[in-house]
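*Asks:* Now for the letters of each chain:
2 protein chains.
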Amino acid sequence: MSDSTVLRYALVAVAFFCIGALVALAAAPLLAGSPPGEEDTCRETLYQVSTIDALLQGVYDGSMTFDELAEHGDFGIGCGDRLDGELIGVDGDWYLIRVDGRVYPVDGDATTPFAAATFFDTDITVAVEEPMNLTALQSRVESELPSENLFYALRVDGTFPRVVTRSVPAQEKPYPRLVDVTANQTVFTLENVTGTAVGFWTPELAEGVNVPGYHLHFITADRTAGGHVLDIVVPADSIVQVDTTANFTMVLPTSGDFLTVDLSGDLSQDLEAVE
Amino acid sequence: MSDSTVLRYALVAVAFFCIGALVALAAAPLLAGSPPGEEDTCRETLYQVSTIDALLQGVYDGSMTFDELAEHGDFGIGCGDRLDGELIGVDGDWYLIRVDGRVYPVDGDATTPFAAATFFDTDITVAVEEPMNLTALQSRVESELPSENLFYALRVDGTFPRVVTRSVPAQEKPYPRLVDVTANQTVFTLENVTGTAVGFWTPELAEGVNVPGYHLHFITADRTAGGHVLDIVVPADSIVQVDTTANFTMVLPTSGDFLTVDLSGDLSQDLEAVE
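As they're listed, the protein sequences go chains A and B. Heads up: the first sequence begins at 1 in full-length UniProt numbering, then just goes up one per residue. Heads up: the second sequence begins at 1 in full-length UniProt numbering, then just goes up one per residue.
What the hints contain is simulated information worked out from the structure, not anything from laboratory work. Fair warning: there could be bad hints in the mix.
Stated by the list, open to error - Each pair of labels, with its calculated beta carbon distance range:
#1 B:T41 to A:T186: 48 to 54 Å
#2 B:A127 to A:D121: 31 to 37 Å
#3 A:E144 to B:A183: 37 to 43 Å
#4 B:A221 to A:G213: 55 to 61 Å
#5 A:D157 to B:E68: 53 to 59 Å
Stated by the list, open to error - Derived coverage of chain B by chain A (criterion: at least 3 residues anywhere in the stretch with Cβ under 8 Å from a Cβ of chain A; other residues may be distant):
#6 137-149
#7 172-185
#8 239-253
#9 260-272
Every residue gets a Cβ at the ideal spot worked out from N, C-alpha and C, and that includes glycine.
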């Protein structure tokens, strides 16, 4: 072969080597997927920022961005930085319901001082045949849980005769205790409203860490109202979807007020007052 | 160009496309590494199987294999299936110290009912200038912790004047409570022994979930003795290495006795008796 022919072959070889490499690198993530088991574990994990006892004692500065929280769930509840709004995540969209009663999509760079999230996959459905208030609903669902020692995510979609919610205003330092903030909460009574209740059932073993029993937030289907659920009446023939989450991950703040707050006491009376 | 020339170019092109793709696929894992932050998060996580209160109440059937536990840490403590031995993990090797006082490398397929693990990275070193017993050592280290609200892994390597350890025999169903098992523990007194103490400091916020304060196990450098630490005397000029772990993951058993055990009570008196 002449020199020019060799050069042409070499150029073709180098060009297609590079094209092959680029195609393979582009395709590699699709071929690889997640490591075995990792994706499932993540989906079955309740992922939590800080602890409820820290929040009860006024640790209101956000410690994790909403963008980072959303990497660990498409569903959840919590609150905004400085308590500025009740947080709700449903179907991958995250919102704050502020004290004006309006719904605001979260800013991904903004932070939360307390939140819990998971990827919602329905494991159990509980049929609610009769209309029920919150207390009756809680008993009905509890009777269907496979164990009182696991964590569960819950959602109820429907048109509800009555939902009573609350939100609280943004706080300023020095932060008051949560029980003093909720004493001045703003209450919203929504009637014949279509939307979704989102929340968790936490076992007693996590007392101090999260809220034992139920903790629900609500958002309307048109994303115009909602908040922390104080009461809800579910209509006949409602379906409660339950996701069993046996894995629990807690990310504790490594700076700020969390480091020095006294978390050794029993704050269950405070918790009862704020819920 | 002639047909045969085109064919030769095409063959060269296809061959080098494939070579490029193969080289790129082989290199991809090296280029990619772990997703941003994921490796660090995993290394800074205390990973726990079940809860201490479940163990105190006799939930002794293993729920996770040692192979799976070792994916989440190279360092840790716990116990064997049916309480058959005190577990210790150091530098990636995991052992059970059985009631005969001997050290057995774990069988990766065997299971643990309760364990805690992390990847040990030293964040803080505490210099212990004077000889100290366990109580004095604990106060000395606590004074150097950046917060009482985080989890810490601790290790001390050295030649110790005295280490008092215990182990317990394998249990049979119906399982007795842990406080009744440790009432019949076997105690080993090791003198002038070279080895490593391995364990955790747990914040009060995790009461019921793990052991608040210190929980240490010990193994000799020649891997012939060890156990759950009841007392230890550290010599002058010891170094305590501390790894701050602000992330906590708990994997709860989804079958067996765990599902029905009553975890609503306060078992701190039981815990004091067994530790």
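*Asks:* Against each hint, give a clear statement of whether it holds in the structure.
*Replies:* Evaluated hints:
Between T41 (chain B) and T186 (chain A) the Cβ separation comes to about 37 Å, which falls outside the hinted range of 48 to 54 Å. A C-beta distance of roughly 50 Å is found between A127 (chain B) and D121 (chain A), which places it outside the suggested range of 31 to 37 Å. Between E144 (chain A) and A183 (chain B) the Cβ separation comes to about 40 Å, which falls inside the hinted range of 37 to 43 Å. The hinted window of 55 to 61 Å between A221 (chain B) and G213 (chain A) is violated, with their beta carbons roughly 49 Å apart.
Distance hint check for D157 (chain A) and E68 (chain B): the Cβ-Cβ separation is about 36 Å, which falls outside the suggested range of 53 to 59 Å. For the segment 137-149 of chain B, the assignment as covered by chain A holds, since 4 residues bring a beta-carbon within under 8 Å of that chain's beta-carbons and 3 suffice. Counting residues of the segment 172-185 of chain B whose C-beta sits closer than 8 Å to any C-beta of chain A gives 0, which falls short of three, so the coverage hint is violated. Look at the segment 239-253 of chain B against chain A: 9 of its residues bring a Cβ nearer than 8 Å to a Cβ of that chain, three or more, so the hint holds.
Check on the segment 260-272 of chain B: 4 of its residues sit with their Cβ under 8 Å from a Cβ of chain A, so the three-residue criterion for coverage holds.
Violated hints for the displayed structure, listed by number in ascending order: 1, 2, 4, 5, 7.
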